[in-house]
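Using the sequences and the hints, build the whole thing.
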Amino acid sequence: MAVGVKMVLASNIAGMSFAGSDVGGFFGDPPAEMLVRWYQVGAFAPFFRAHAHIDTKRREPYLLEEPYKSMVRDILRLRYSLLPVWYTAFRETSVTGMPVLR
1 MAVGVKMVLA SNIAGMSFAG SDVGGFFGDP PAEMLVRWYQ VGAFAPFFRA
51 HAHIDTKRRE PYLLEEPYKS MVRDILRLRY SLLPVWYTAF RETSVTGMPV
101 LR
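Position one of the sequence shown corresponds to residue 1 (UniProt numbering), numbered consecutively onward.
Please note: incorrect hints may appear among the correct ones.
[To be verified] Computed spacing ranges between beta-carbons, pair by pair:
id: 1; residue 1: His-51; residue 2: Pro-31; range: 17 to 27 Å
id: 2; residue 1: Leu-76; residue 2: Phe-26; range: 15 to 25 Å
id: 3; residue 1: Thr-56; residue 2: Arg-91; range: 26 to 36 Å
id: 4; residue 1: Val-5; residue 2: Thr-56; range: 13 to 23 Å
id: 5; residue 1: Pro-31; residue 2: Arg-91; range: 16 to 26 Å
[As the list claims (entries may be wrong)] Subject to a maximum C-alpha distance of 16 Å in a straight line, what follows is the list of computed EDC-like cross-link-like pairs (lysine to aspartate or glutamate):
id: 6; residue 1: Lys-57; residue 2: Glu-92
id: 7; residue 1: Lys-57; residue 2: Glu-33
id: 8; residue 1: Lys-6; residue 2: Asp-22
id: 9; residue 1: Lys-57; residue 2: Asp-29
id: 10; residue 1: Lys-69; residue 2: Glu-92
Hints were generated in silico from the structure; no laboratory data involved.
Here the structure is a predicted model, which is why all the values come from computation and not from measurement.
Backbone N, C-alpha and C define an ideal beta-carbon position, used for all residues, glycine too.
Below, the structure is given as structure tokens:
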């Protein structure tokens with residue numbers, strides 16, 4: 001997760017503003033609490049998805065047990081509430097080249 005944050009920031013500086021990491025990591029099955037934390041971090045990256053190798057446990061929020069399901073639902077709602085901010089930032093980066101994350 002920490003490497004993902006550094007990677008997204010470095011990608012933005014390098015001109016690749018639509019960057020993000022795979023929520024939960026690409027390999028392995030993180031515990032539910034770690035997966036929630038990953039959703040919370042990933043929701044603030046320009047590119048946000050829960051994606052993994054075919055042999056990993058599925059990561060869709062509706063498959064989580066409570067209280068984790070509600071926690072992920074809350075962060076997803078926050079992400080969607082910020083869509084106007086994201087759209088504005090993506091427009092700015094397409095016009096000026098200014099990184100989305102800075």
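Status of the hints after comparison with the structure:
no., hint, result
1, His-51 - Pro-31: 17 to 27 Å, "18 Å, holds"
2, Leu-76 - Phe-26: 15 to 25 Å, "20 Å, holds"
3, Thr-56 - Arg-91: 26 to 36 Å, "35 Å, holds"
4, Val-5 - Thr-56: 13 to 23 Å, "21 Å, holds"
5, Pro-31 - Arg-91: 16 to 26 Å, "38 Å, violated"
6, Lys-57 - Glu-92, "37 Å, violated"
7, Lys-57 - Glu-33, "14 Å, holds"
8, Lys-6 - Asp-22, "13 Å, holds"
9, Lys-57 - Asp-29, "6 Å, holds"
10, Lys-69 - Glu-92, "34 Å, violated"
Hints 5, 6 and 10 from the earlier list are contradicted by this structure; the remaining hints agree with it.
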